[in-house]
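Line order of the protein sequences matches chains A and B. The opening position of the first sequence corresponds to residue 692 in the numbering used here, with each subsequent residue numbered one higher. The opening position of the second sequence corresponds to residue 692 in the numbering used here, with each subsequent residue numbered one higher.
These aren't lab readings, by the way, just hints derived from the structure by calculation. Hints may be right or wrong, so weigh each one.
[As the list claims (entries may be wrong)] Derived DEER-like restraints, expressed as beta-carbon distance ranges: (1) A:980 to B:937: 53 to 59 Å; (2) B:1019 to A:826: 52 to 58 Å; (3) A:1046 to B:998: 37 to 43 Å; (4) A:847 to B:937: 50 to 56 Å; (5) A:915 to B:1006: 14 to 20 Å; (6) A:1006 to B:935: 33 to 39 Å.
[Stated by the list, open to error] In silico negatives: residues of chain A with every beta carbon more than 10 Å from chain B: (7) 693; (8) 695; (9) 703; (10) 728; (11) 747; (12) 751; (13) 764; (14) 863; (15) 886; (16) 892; (17) 898; (18) 922; (19) 933; (20) 1019; (21) 1035.
Source: prediction; values computed, not measured. The beta carbon of each residue, even a glycine, is placed where N, CA and C say it ideally should be.
One letter stands for each residue in the lines below.
Number of protein chains: 2
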Amino acid sequence: MSARQYAALPDPYAMHLGGTLRGARVAFETWGTLAPAKDNAILVFTGLSPSAHAARSAADPSPGWWDAMIGPGLALDTDRWFVIVVNSLGSCFGSTGPASIDPATGERYRLDFPELAIEDIAEGGHAVLRSLGIERADTILGPSLGGMVVLAFAQRHPGVARRLVSVSGSLGAAPFAVALRSVQREAILRDPAWRGGQYDPDAPPRTGLALARKLGTITYRSAAEWQQRFGRDRIQDTARTPNSFAPEFQIEGYLEAQAAKFVDAFDANCYLYLSRAMDRFDLAPLPSRCVERALVIGVEADILFPLDGQRAIEMALQDAGAATRLVALPSIEGHDAFLVDIPRFSAAIGAFLREGAAP
Amino acid sequence: MSARQYAALPDPYAMHLGGTLRGARVAFETWGTLAPAKDNAILVFTGLSPSAHAARSAADPSPGWWDAMIGPGLALDTDRWFVIVVNSLGSCFGSTGPASIDPATGERYRLDFPELAIEDIAEGGHAVLRSLGIERADTILGPSLGGMVVLAFAQRHPGVARRLVSVSGSLGAAPFAVALRSVQREAILRDPAWRGGQYDPDAPPRTGLALARKLGTITYRSAAEWQQRFGRDRIQDTARTPNSFAPEFQIEGYLEAQAAKFVDAFDANCYLYLSRAMDRFDLAPLPSRCVERALVIGVEADILFPLDGQRAIEMALQDAGAATRLVALPSIEGHDAFLVDIPRFSAAIGAFLREGAAP
């Protein structure tokens, strides 16, 4: 069962960094009911890898990645709000991306997909609003990569969202994050199974993707959380071969399990495109009053999108005339805290959505 | 020209985790003059990858990795001290390791090298002292992996060193560091050129080693330093191929240059053994009064060997009755600061060596 819907991009769609797409579309899902005045939409962009399936629904009861945040009485209260979650342009869960068929050739785009920018992902969300007849969203919200996207959206479409919520986002990645993503991409690029991007979809560069995901998992959390959860606990394995260099610590087993799930779910070329788009993003100057109010959430233990970057977002929004609040959360989970520390994120986002809501 | 000397290990040498070595030796270099009473030796262990060539000398004027710290009038003042630097057992710069010839077979050990422990590296240093007729070192000193080794040395040979200096060391690695090293090793293990450890020395697993080194370089420094040095500066390259995923940011070019140097200098199997030895190290209880005085240095921005771990070392040494001082340095360079922030490290180590020196 699927709750997936689709919105068409302008055809042809001119990409931000050059090149065009024909017949491009983005996938999305919705929860709640669009008000007759069409004034209660919350448009959500995702991090690098999730699909639009952020929460269960009657049409798709499988678990979503933000089940604890989207629903009746939850922070994104579907009794009040019409919540829309968009699969990023360039991703592989229904939206057009490198793994999609190029209508001009009948083959997958692979590396013939035009260069992707965060701004293009924002345009994908804008196309969804248009397709639903929504002229103005109440709120645009995005974590991680999505935190970059909401800023690009506000920059390109001033006034099309009344409010903005940036969760662990960035005006432009720090070199530490660029360096880590560069190594993640190289692990894929150097995997012989990548085959210059021409891999068989049934034989993807699993080794490279797994390494990339392991490194991601390490940096999405915090050293303090690993210490608390795993310490130096060993894997119980009496059959270990000497000098096999097999995993010995529980943290290693955890990374392996996380990577195994990812390798079967995400396309390698899409990963490369989305990862590089994050590196390249540099927010253009925000037009005055592009949004009315903004909430910027950061997490103290986040090493990828650190707090000083959150303060920079706050200042950019204030300079653009938005009433902006910065919340720095002490969640131990680091960059991934928005997926885990639901009590703190519910409180911060829920309060913002209630307080500033139109009467 | 070489200043390299060698000391034999006991033959056979029984490894800490089982197995034996025949005809094993460790390489070392010295600076300064051993006093007639043989009471002025400082025994230095290294981090994971350096050789024993820590400083220039008449016998080998090539640059050393701690030139600014070892010499007349420097922190390790060779007018006063006889400084010995040891290449770790298991390494590939003269000491016996996986890249050495196994006398039993006439072939390289490769993965037939017995499992290596930090304690074995400490024994290598002890063999050097014995070979020089030194019954008691004034000071044992080690950064990073070497900071683990000095603790193992004090634990196994109480009283054989009067003083101990631990620089960014550990009683046992945190799971965050274990996770990162695990990914580094996997990058090597998964490189087809590794060939199950049976690679031709002229065709090593360069790709895996380069990835491992890049990840190392990222984590040996700090996000703040990368920001200061590189920011979001781009590589000037007008000939860039679209979608080649080639490096675009200066931080990426820097990582590439660092990795290229390393790949030609370090043996992959040795890297695997030394890296895993760091993961496995858990210091056994320190005997009472194993050293008289100790200096524990940590760096605030070190994400691999963080400050709470330095406090744990301080407490372990205090519990063993050593007069111990902890110094937390604000160096921006993170774990690698001992190689870069010479003023702060000179001051801290120089003062400790002068103050507590025998009359």
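Hint check:
1. In this structure the hint that residue 980 (chain A) and residue 937 (chain B) lie 53 to 59 Å apart at CB is violated, the actual value being about 40 Å.
2. The hinted range of 52 to 58 Å is satisfied by residue 1019 (chain B) and residue 826 (chain A), whose Cβ atoms lie roughly 56 Å apart.
3. Taking 37 to 43 Å as the suggested C-beta distance range, the pair residue 1046 (chain A) and residue 998 (chain B) conforms, at roughly 39 Å.
4. Checking the proposed 50 to 56 Å range against residue 847 (chain A) and residue 937 (chain B) shows it is violated: the Cβ atoms sit about 28 Å from each other.
5. The beta-carbon spacing between residue 915 (chain A) and residue 1006 (chain B), approximately 19 Å, falls within the hinted interval of 14 to 20 Å.
6. At roughly 35 Å, the beta-carbon separation of residue 1006 (chain A) and residue 935 (chain B) lies within the given 33 to 39 Å, and the hint holds.
7. For residue 693 (chain A), the shortest C-beta to C-beta distance to chain B comes to about 31 Å, beyond the 10 Å cut-off, and the non-interface label holds.
8. Here residue 695 (chain A) stays apart from chain B, with its beta-carbon at least about 28 Å from theirs, past the 10 Å limit.
9. Separation of residue 703 (chain A) from chain B is adequate, the least Cβ-Cβ distance of about 18 Å exceeding the 10 Å criterion.
10. At roughly 42 Å from the closest C-beta of chain B, the C-beta of residue 728 (chain A) stays outside 10 Å, upholding its exclusion from the interface.
11. Remark: the non-interface label on residue 747 (chain A) is consistent with the geometry, its nearest Cβ contact in chain B lying 32 Å away (cut-off 10 Å).
12. Residue-level check passed: residue 751 (chain A) sits 34 Å from the nearest beta carbon of chain B, beyond 10 Å.
13. No beta-carbon of chain B comes within 10 Å of the beta-carbon of residue 764 (chain A); the shortest separation is about 37 Å.
14. With a least beta-carbon separation of about 6 Å from chain B, residue 863 (chain A) fails to lie farther than 10 Å from that chain, contradicting its non-interface assignment.
15. The beta carbon of residue 886 (chain A) sits about 13 Å from the closest Cβ of chain B, which is more than 10 Å, so the claim that it is off the interface holds.
16. For residue 892 (chain A), the non-interface assignment is confirmed: its Cβ lies about 19 Å from the closest Cβ of chain B, beyond the 10 Å cut-off.
17. The claim that residue 898 (chain A) lies off the interface is violated: its Cβ sits roughly 5 Å from the closest Cβ of chain B, which falls inside the 10 Å cut-off.
18. Separation of residue 922 (chain A) from chain B is inadequate, the least Cβ-Cβ distance of about 6 Å not exceeding the 10 Å criterion.
19. The claim that residue 933 (chain A) is not at the interface with chain B is violated, since a C-beta of that chain comes within 10 Å of its own (minimum 6 Å).
20. Look at residue 1019 (chain A): its CB is around 17 Å from the nearest CB on chain B, clear of 10 Å, so calling it non-interface holds up.
21. Residue-level check passed: residue 1035 (chain A) sits 22 Å from the nearest beta carbon of chain B, beyond 10 Å.
Of the hints listed earlier, those the structure fails to meet are numbers 1, 4, 14, 17, 18 and 19, in rising order.
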